[in-house]
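Here's the letter readout for the chains.
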Amino acid sequence: MDFAAFLKTLESTSLAGWIRDSLYAFPFIESFHVIGLTLVFGTIAIVDLRLLGIASTYRPFTRVAEILKWTWAAFGLTILTGSLMFITNASVYFSNVQFRWKILLIALSGLNMVVFELTSGRNVRRWDNDRSAPPLGKLAAVLSIALWITVIFLGRWVGFTTTGKSAAPTPDIEINLDDLFK
Amino acid sequence: MMNEFAEWLATTSVSLTIQSHLWIIPAVQSIHILCIGMVIASVFMIDLRIFGWAGRDQTLLETSRRYAPWLWGALVVLLLTGILMVVGEPVRELMSLSFWLKMSLIVVGIFIATLFQLSVRRNGRDWEAAAASRWTTKSLAVVTFLIWCSIIVLGRLIAYDHVWGSWSLRPLV
Numbered sequence: 001m002d003f004a005a006f007l008k009t010l011e012s013t014s015l016a017g018w019i020r021d022s023l024y025a026f027p028f029i030e031s032f033h034v035i036g037l038t039l040v041f042g043t044i045a046i047v048d049l050r051l052l053g054i055a056s057t058y059r060p061f062t063r064v065a066e067i068l069k070w071t072w073a074a075f076g077l078t079i080l081t082g083s084l085m086f087i088t089n090a091s092v093y094f095s096n097v098q099f100r101w102k103i104l105l106i107a108l109s110g111l112n113m114v115v116f117e118l119t120s121g122r123n124v125r126r127w128d129n130d131r132s133a134p135p136l137g138k139l140a141a142v143l144s145i146a147l148w149i150t151v152i153f154l155g156r157w158v159g160f161t162t163t164g165k166s167a168a169p170t171p172d173i174e175i176n177l178d179d180l181f182k
Numbered sequence: 001m002m003n004e005f006a007e008w009l010a011t012t013s014v015s016l017t018i019q020s021h022l023w024i025i026p027a028v029q030s031i032h033i034l035c036i037g038m039v040i041a042s043v044f045m046i047d048l049r050i051f052g053w054a055g056r057d058q059t060l061l062e063t064s065r066r067y068a069p070w071l072w073g074a075l076v077v078l079l080l081t082g083i084l085m086v087v088g089e090p091v092r093e094l095m096s097l098s099f100w101l102k103m104s105l106i107v108v109g110i111f112i113a114t115l116f117q118l119s120v121r122r123n124g125r126d127w128e129a130a131a132a133s134r135w136t137t138k139s140l141a142v143v144t145f146l147i148w149c150s151i152i153v154l155g156r157l158i159a160y161d162h163v164w165g166s167w168s169l170r171p172l173v
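For the protein sequence lines, the chains are W and H, in the order given. Numbering of the first sequence is given in the numbering used here, commencing with residue 1 and proceeding in unit increments. Numbering of the second sequence is given in the numbering used here, commencing with residue 1 and proceeding in unit increments.
Think of the hints as simulated: they come from the structure by calculation, not from any bench. Each residue gets a CB set at the ideal place from its N, CA and C atoms; glycine is no exception. Some hints could be false.
[Claimed, not checked] Computed spacing ranges between beta-carbons, pair by pair:
# : chain 1 : residue 1 : chain 2 : residue 2 : range
1 : H       : Arg56     : W       : Ile54     : 16 to 26 Å
2 : W       : Val97     : H       : Asp57     : 36 to 46 Å
3 : H       : Pro26     : W       : Ile103    : 27 to 37 Å
Isolated chain W (complex conformation) (with noise of 0.2 Å):
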């Protein structure tokens, strides 16, 4: 089975068509996967902040970090969320360009992440208390802010993108004759 054919299987199962006929599932969707993101920016800004020295300065790095088990879990919400809005129309979403570069910025912040667990972030003990991370630390938060606020502003065009294609929930509208020439 090729990809495209994939893409049309996720798009014919009960699940997505129940998604598309609902007149409130895939905007209730949508809002939680509003409230995920929201959630996962603001709690990772938290933590590159202080990295950088801008704000909970007083307070240890990795002290600061343990919220981030709280955005693992938004971010589960919105990988859920996200994908449930995929299969309604998944390949109009694959072939959009925008939708494309948004997975592989998360990617990268993903993988920002794992650099600075193997730089910075193996002898944390020796800066924890200082008032900013060391330069490798620091770029990393920087890339780590500018990648999540471009993967907002990708996902936000995602959706001024596709909703003219997309398959999303139009409401059957049943005509009445004889209402029609009242």
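Please build the complex by placing chain H on the supplied structure of chain W, with the hints as guidance.
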């Protein structure tokens, strides 16, 4: 009345400028979302501290002082970007039940945040011993978080006002 105002607003030159540059609305919405992130994360951090689930190395007063400037700063940008969206798409915004429900909840959310901050500032130390553990404080923390989540949901529902059925200000058909 509101409809006439919205339609008049749509004919103003500022509105026409926004309408004719298709990138403005998505860009303003994105900035709006970034600021919502600052607000919801600030509320979340203070609430986690009240429950003692995060930031226990800080007092509630310190936690409140850490996030209050970001909360209020972001709210100012939210107001400005919000005004731009209303001016750019007056009928879509003003003629939706979601918009007005959202505005009402924002008033409640800001009222609670103000009361909370005044109270923490006034009773600084006592909060640690008594207030932070009181069940009323914890319920208020949960309610506040749910209010801000509802504000986010209602904000998104402006685009889907039909979910309110016949209650919507611009019902289908």
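Problem - CB-CB spacing for Ile54 (chain W) and Arg56 (chain H) relative to the 16 to 26 Å hint - result: Because 23 Å falls inside the window, the suggested range holds.
Handout entry: Range agreement (Cβ of Ile103 (chain W) with Cβ of Pro26 (chain H), hint 27 to 37 Å)
Key = 18 Å, violated
Exercise for the section: With 36 to 46 Å as the target window, see if Val97 (chain W) and Asp57 (chain H) comply at their CB atoms. Expected result: Once the Cβ atoms are compared, 45 Å apart, the range 36 to 46 Å for Asp57 (chain H) and Val97 (chain W) holds.
The structure is inconsistent with hint 3 alone, although it conforms to all the rest.
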